[in-house]
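Peer 1: Heads up: the protein sequence lines correspond to chains A and B, in order. So the first sequence is residues 1 to 257, counted in the numbering used here. So the second sequence is residues 1 to 590, counted in the numbering used here.
Everything labelled a hint here was simulated from the structure, so no lab data went into it. Note that the structure is a prediction, hence the values are computed from the model and not measured. Heads up, the beta-carbon is just placed ideally off N, CA and C, and yes, glycines get one too. Possibly wrong hints are sitting among the right ones.
With a straight-line Cα cutoff of 27 Å, these simulated BS3-like cross-link-like pairs (lysine-lysine) come out [claimed, not checked]:
1) K108/B - K95/A
2) K433/B - K583/B
3) K108/B - K433/B
4) K108/B - K145/A
Stretch-level coverage of chain A by chain B, calculated; a stretch enters the list once three of its residues show a Cβ under 8 Å from a Cβ in chain B [to be verified]:
5) 84 to 92
6) 102 to 116
Ranges of calculated distance between the beta carbons of each label pair, as one might list FRET restraints [unchecked claim]:
7) D134/A - L163/B: 41 to 51 Å
8) A58/A - F47/B: 50 to 60 Å
9) D134/A - R40/B: 18 to 28 Å
10) T588/B - D134/A: 45 to 55 Å
11) V168/A - L243/B: 54 to 64 Å
12) D134/A - L351/B: 41 to 51 Å
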Amino acid sequence: MSIVLQSVTKCFGPKVAVDQLSLEVCQGELFAFLGPNGAGKTTTIKMIVGLLRADQGALTVCGWRVGAGTSSKGDGLAAKAQMSYVPDQPFVYDKLTGREFLEFVGRMYRLAPGLIRERVQELSDRLGMAEFLDQYSESYSHGMKQRVVLASAFLHVPKVLVIDEPMVGLDPRTVRTVKDLFINYVRGGGTVFMSTHTLEVAEALADRIGIIHRGRLIAVGTLDDLRAERSRDVSLESIFLELTADRDDPQPETVPA
Amino acid sequence: MTRPPSDISLPAPGLRVLLWARGRDLRNRLNQALRESPLRLASTAVFVALIWASLYLFFRTIFEQMQSRMFIESVVAIPLIFHFFFIALTVMLIFSNAVLVHGALFGKGEAGYLYSLPIAPHHIVLVKFLEMLVFSSWSLILLGLPLMLAISRVLEEPGPFYLLFIGLFVCFVPIPGAIGLLAAWAAGMWFPRSARRLMLALGFLVAAGAFAWFVFTWRSVSTTSPEWLDSFLSRMDLVKSILLPSTWVTRGIDHAVHGNLADATFYLLVTVANALFFGWLAVTVVAPYAVTAFARVGSSTAPRTAATPRAKPGRGRPRHLLAGPTLERAVFFYLSDPMRRIVVKDLRSFLRDPMQWSQLAILFGLMALYIINVPQVNPEFSSWKTQRLISFLNLAAVSLILATFTSRFVFPLVSLEGQQMWLIGLLPLSRRKILWAKFSFALAVTLTCAMVVMILAAVMLELPLQLAAVQLMVTAGACVALCGLSVGTGALMPVFKQRNPSRIASGFGGTVNLLLSVAYVGIMLAAMCWLTLFRSLTEQATEPVGILGDWPQAPDFVALAVVIAVVLFSLVTAGLAMHVGGKKFERTQF
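My request is simple: use the sequences and hints to build the entire structure.
Peer 2: Here's what the structure looks like:
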């Protein structure tokens, strides 16, 4: 198993953000993590990458424990060495060029300089970054930043990729390129844990889907599994809306024919 | 759960790579500055050199004056000045480092990114600590060099003095820095919600407490007896405690001044050893729990999750700023409704951000404390000459505080709207009116604070009506001028991509604005100095009827003309800056 969460709970004061979440993601799997705003997706992701510490339960990535603090210091670093994390609002250094930023990341993961150059070139060609890679990142649009950050995530070929909203700000061609990147990566044995609001992307790419609502994992399985539970052939959107409906939510209007 | 094989290589060159990235960042910034704005860089260098030269002359004058006076032993007075200087520096560095490190290690942005990488936390903490140390203290180190040159010029010091002085100064800085790091971490761990507010409140309490202690000490000494200085100095023993880093540095400088190089070197080594120890201690304590503190601070500002029960209808609605739209309309009656909305929006943002109003509160609060205690400190305050001198000094202090405040907080106002231009720019409001709304907001805040302090000064000093009226008019004019300058310059030289107000203020445009503000204050104070001090203190032996003469029998038209000229100068400064800034702002594209 690449990612294992066992009865993970996280509270912010009296509020339970993630409630007894248990989940396993296999190696070579693309797992889509869905949920409404405020459901606990980002909190879960931050616990997986070690930026938040679970109040209860255990998390491991590639067998290494994850968690902030001294008790898991060594494990925490080992776990981080196996994965890459791309947040929804990625950070890049304003006064470094994209190439220098990638070199920084590559050196951080102890890649040899020659290998860094080779991989930067390859990723630059794949993601169409050649035009702006040598400009300071302060001049980048959101899409350009996203591409550079995605490149940095794949630079050291991690075992696990944790990514929050990967397609935001990307043009359709780049979206297609990123999808192909994910597919090839997963076929090569990598694991992707992806949080997204774009259900079409989840439908197209995910091997399995998990839906979280109000801190609880309310559904997990392949799209076919989720459909089977509903006993009808419906879209992921319909499944999602049905599972995450609250009593007070306004019902979507049906447009007359 | 079985562990994976141990052939996993743990990347651990974090410190080296972080320093490399910092170095590359600095190199790129310099290259960019040289390539895109060489004139700006040259101007900055020239201004820094001018400031250095001015500080050197200032310190040299003070030390020469002290050395020439027979009833003050400069041998005693200079070390005491250094004691106070380094104690004040200690407190300032602790708090400035605490605030900076808190943001750098536990705030949003780079910290979260670095913690997600396989870098040992103590490498992150160490690099951030060193960075913030340089950031918070470079200006003080810059200040120390003219001080050192002034001392050496007056006292004709040998060569090693320079090395010892620089060594003592530089090695002193990490000690309060380390305390600041520990304070920031403690605040993040146990007061994550209100860490910054707590540090600011503590800073204010410390400053007020120190001031109160000094005033109490001064008042308890009878200045009529010839031994008053000895009595006063004996009460200052607290600040000369051997346990304080400021004492080590002061003694080291004192020995260096007197040519006792061995003793000076001893204190240098004591300072170095303690700097290394405290730095190591702080990093070692903080590093293992840095991510925990980061998580706690992040959790304290996290948005409510779906598990949060929804607020009941009617509760949690933001209250009106001034207890109702009626009062807002009454206070800002001269503004149209759209402009009033912008002013109220800015006032709300200002009042809800302790970082903004706290600095104003601290500066004006200390001014008010000083003014309240002036009658006790100087028993001759009611004499007309002392009144004129103190009222002029009050005007100078308030004007300089206003210049600092408007440069730091008013200048960035236009730049900060850059991110919201998609909203502000599409309002049914001309861009000039947006600027005037910013001006109105800034004037409301500064005029309120300045008028309260100046009215308090007029009451405590029992100023004659004419003098009080002139002071208040000139102060109001200064508020108008400085607000207009800062808003206008902010529109002329905006930095729309920057969201950090302090970085906007410390950029090229902010520096130009500060210099223009100081220039305005200098010209205004020169005129007022001539009017209140030179004319009355040098030309008149007996108390004049009034600063503007004896109205209506014998008005002093010259004095009146000067006051009118100062007020007009203030209005013209504001008007010109707003006009030029407004023209540029209308043409600005986003």
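Peer 1: All hints, please: hold or fail.
Peer 2: A quick look at each hint next to the structure:
For the given pair, K108/B sits about 18 Å from K95/A by alpha-carbon distance, which is consistent with the 27 Å threshold. Distance restraint check for K433/B and K583/B: the Cα-Cα separation of roughly 12 Å lies within the 27 Å cut-off, and the hinted pair is therefore satisfied. A threshold of 27 Å between alpha carbons decides the hint, and for K108/B with K433/B the separation of about 34 Å lies outside it, so the pair is violated. About 17 Å separates the Cα atoms of K108/B and K145/A, which keeps this hinted pair within 27 Å; it holds.
Remark: the stretch 84 to 92 of chain A is confirmed as covered by chain B, as 4 of its residues place a Cβ nearer than 8 Å to a Cβ of that chain, reaching the required three. Look at the stretch 102 to 116 of chain A against chain B: 6 of its residues bring a Cβ nearer than 8 Å to a Cβ of that chain, three or more, so the hint holds. The hint said 41 to 51 Å for the Cβ distance between D134/A and L163/B, and at roughly 43 Å that hint holds. For A58/A paired with F47/B, a C-beta distance near 58 Å keeps the hint of 50 to 60 Å intact.
As the Cβ distance of D134/A to R40/B is approximately 24 Å, the hint placing it in 18 to 28 Å holds. Between T588/B and D134/A the CB atoms are about 29 Å apart, so this pair departs from the stated range of 45 to 55 Å. In this structure, V168/A and L243/B meet the distance hint of 54 to 64 Å, their C-beta atoms being roughly 56 Å apart. Checked against the hint of 41 to 51 Å, the C-beta distance between D134/A and L351/B comes to roughly 45 Å, which is consistent with it.
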